[in-house]
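Based on the provided sequences and hints, a complete structural model is requested.
2 protein chains.
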Amino acid sequence: MFSQAEENYLKAIYHLESDSKVGISTNAIAKSLATKASSVSDMIKKLSDKEVVLYKKYKGVTLTVLGKKTAANIVRKHRLWEVFLVEKLNFSWDEVHDVAEQLEHIKSQKLINQLDALLGFPTHDPHGDPIPDKDGVVSAIEKSLLSTLKVNEAGVCVGVNDSSSDFLQFLDKKGITLGKRIKVTEKEDFDDSLSILIDDKKLSVSNKIANNLYIKKS
Amino acid sequence: MFSQAEENYLKAIYHLESDSKVGISTNAIAKSLATKASSVSDMIKKLSDKEVVLYKKYKGVTLTVLGKKTAANIVRKHRLWEVFLVEKLNFSWDEVHDVAEQLEHIKSQKLINQLDALLGFPTHDPHGDPIPDKDGVVSAIEKSLLSTLKVNEAGVCVGVNDSSSDFLQFLDKKGITLGKRIKVTEKEDFDDSLSILIDDKKLSVSNKIANNLYIKKS
DNA sequence: AATAAAGTTTAGACTTGTCTAAAAAATTAT
DNA sequence: ATAATTTTTTAGACAAGTCTAAACTTTATT
Numbered sequence: 001m002f003s004q005a006e007e008n009y010l011k012a013i014y015h016l017e018s019d020s021k022v023g024i025s026t027n028a029i030a031k032s033l034a035t036k037a038s039s040v041s042d043m044i045k046k047l048s049d050k051e052v053v054l055y056k057k058y059k060g061v062t063l064t065v066l067g068k069k070t071a072a073n074i075v076r077k078h079r080l081w082e083v084f085l086v087e088k089l090n091f092s093w094d095e096v097h098d099v100a101e102q103l104e105h106i107k108s109q110k111l112i113n114q115l116d117a118l119l120g121f122p123t124h125d126p127h128g129d130p131i132p133d134k135d136g137v138v139s140a141i142e143k144s145l146l147s148t149l150k151v152n153e154a155g156v157c158v159g160v161n162d163s164s165s166d167f168l169q170f171l172d173k174k175g176i177t178l179g180k181r182i183k184v185t186e187k188e189d190f191d192d193s194l195s196i197l198i199d200d201k202k203l204s205v206s207n208k209i210a211n212n213l214y215i216k217k218s
Numbered sequence: 001m002f003s004q005a006e007e008n009y010l011k012a013i014y015h016l017e018s019d020s021k022v023g024i025s026t027n028a029i030a031k032s033l034a035t036k037a038s039s040v041s042d043m044i045k046k047l048s049d050k051e052v053v054l055y056k057k058y059k060g061v062t063l064t065v066l067g068k069k070t071a072a073n074i075v076r077k078h079r080l081w082e083v084f085l086v087e088k089l090n091f092s093w094d095e096v097h098d099v100a101e102q103l104e105h106i107k108s109q110k111l112i113n114q115l116d117a118l119l120g121f122p123t124h125d126p127h128g129d130p131i132p133d134k135d136g137v138v139s140a141i142e143k144s145l146l147s148t149l150k151v152n153e154a155g156v157c158v159g160v161n162d163s164s165s166d167f168l169q170f171l172d173k174k175g176i177t178l179g180k181r182i183k184v185t186e187k188e189d190f191d192d193s194l195s196i197l198i199d200d201k202k203l204s205v206s207n208k209i210a211n212n213l214y215i216k217k218s
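Top to bottom, those sequences are chains A and B.
If you use this note's numbering, the first sequence corresponds to residues 1 to 218, in order.
If you use this note's numbering, the second sequence corresponds to residues 1 to 218, in order.
What the hints contain is simulated information worked out from the structure, not anything from laboratory work.
Among these hints, one or two may not hold up.
Copies of the same chain look alike in the list, so a pair counts if it fits in one copy or across any two.
[As the list claims (entries may be wrong)] In silico DMTMM-like cross-links for lysine to aspartate or glutamate, where the CA-CA straight-line distance does not exceed 25 angstroms: (1) K88 with E101; (2) K216 with D191; (3) K56 with E6; (4) K110 with D98; (5) K110 with D94; (6) K56 with E87; (7) K110 with D166; (8) K174 with E87; (9) K110 with D172; (10) K31 with E6; (11) K107 with D166; (12) K110 with D162; (13) K107 with D162; (14) K201 with D49; (15) K150 with E17; (16) K174 with D129; (17) K217 with D98; (18) K68 with D192; (19) K107 with E7; (20) K202 with D162; (21) K173 with E153; (22) K88 with D133; (23) K59 with E6; (24) K107 with E6; (25) K57 with D98.
Bear in mind that the values here come from a model prediction, so they are computed numbers and not experimental data.
Next up, the structure:
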């Protein structure tokens, strides 16, 4: 059994590993949890004793198989709860994160199995992120950042890179939601902004937006 | 904002107060939380500083108006989650308590408002206990312990006094569930057991059962 | 009313998780 | 290759919440 603090560390390492593949540095974990490197050092020792991470002093940390499975299960819970909040409780996609951060720590296997069923066994959360299955396996779909699309390429909006409230609300305002079809009509070398077609409307989006929106080409 | 520990103390005092009305003793709280009297003493000081309880050394403790409202809100959340678990996730009434103990500490007003709506604004939890409204007001219904009914009196089963898994499973086995109509046909002076009629079947129940089952006479 | 018993509080210690400051190791630059 | 810089770890401290043991109040008993 893991404490909430331990679970948060496991989740942070899990996310960092999925980006960088190499041993995760103390500093990176500290940054992602908004804590101090010294606190991370302390906690890593505990996690190492519990055999969920491999740790060599000064050499960074990696999840063990057990650690990866444990972390994936927390992510699974987080994302299922997000779906629940949006689908059943009328939350919008920019409101779910903080509540899901709390709900993900609830301990009950039956609860999460039944929730999964109630929601119809969803595969992705409201931000387009995949929901790990019971064994922690994640089925990633083929997706590209909008910024990597060439002129005249098109696809469906399937996810966001940045899940901050601000960004999501901005997308809402522009009418950009998951499932929408987007076609790139122009690219500006000048500022890397691009013109897109969405709902037959022309829209100009900055490079920052394009770098945080995932498209499934088609 | 209150910690989980603080919330648990408030809830315990709330429940004890609703039984006994007088100042709640340190020992009573310790017993109900399975902790030590010394720990209770420490915590009560904190709660007193936060102005949710009134406390005079050696004289027991009572909730302030703020404390009562705070506690009622926690009970409200607990009972709404119990309804959710039974109605939406197919939990049985003997499985919900431990999970609801965790869920009651989730902090989100929107979450609980929407949950209330999803469940159709229920007034009672799966054990027949009333759900406090948003202002902490509880609408108690007229109910009597089965053991207080006289021969030939009848009514509907509306609640339990003991919510332990064992007791609830025992009731399930006997076919006694909330909503069922029960008529007392005989009382034994010898062991205070009684014979009842339920679903047109005759059943003998011990005094211990009869002392833990609430009936709305009719 | 004095004493015994029961209940309550205090003092000091321990655990978890955090922090700052300082030391040690690794990396980067010259 | 040595020095400077950055990163990481350690040491010591602190807050929350708990515990045991001892001291202190209150209540009950004789």
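**Hint numbers contradicted by this structure** = 6, 14, 15, 17, 18 and 25
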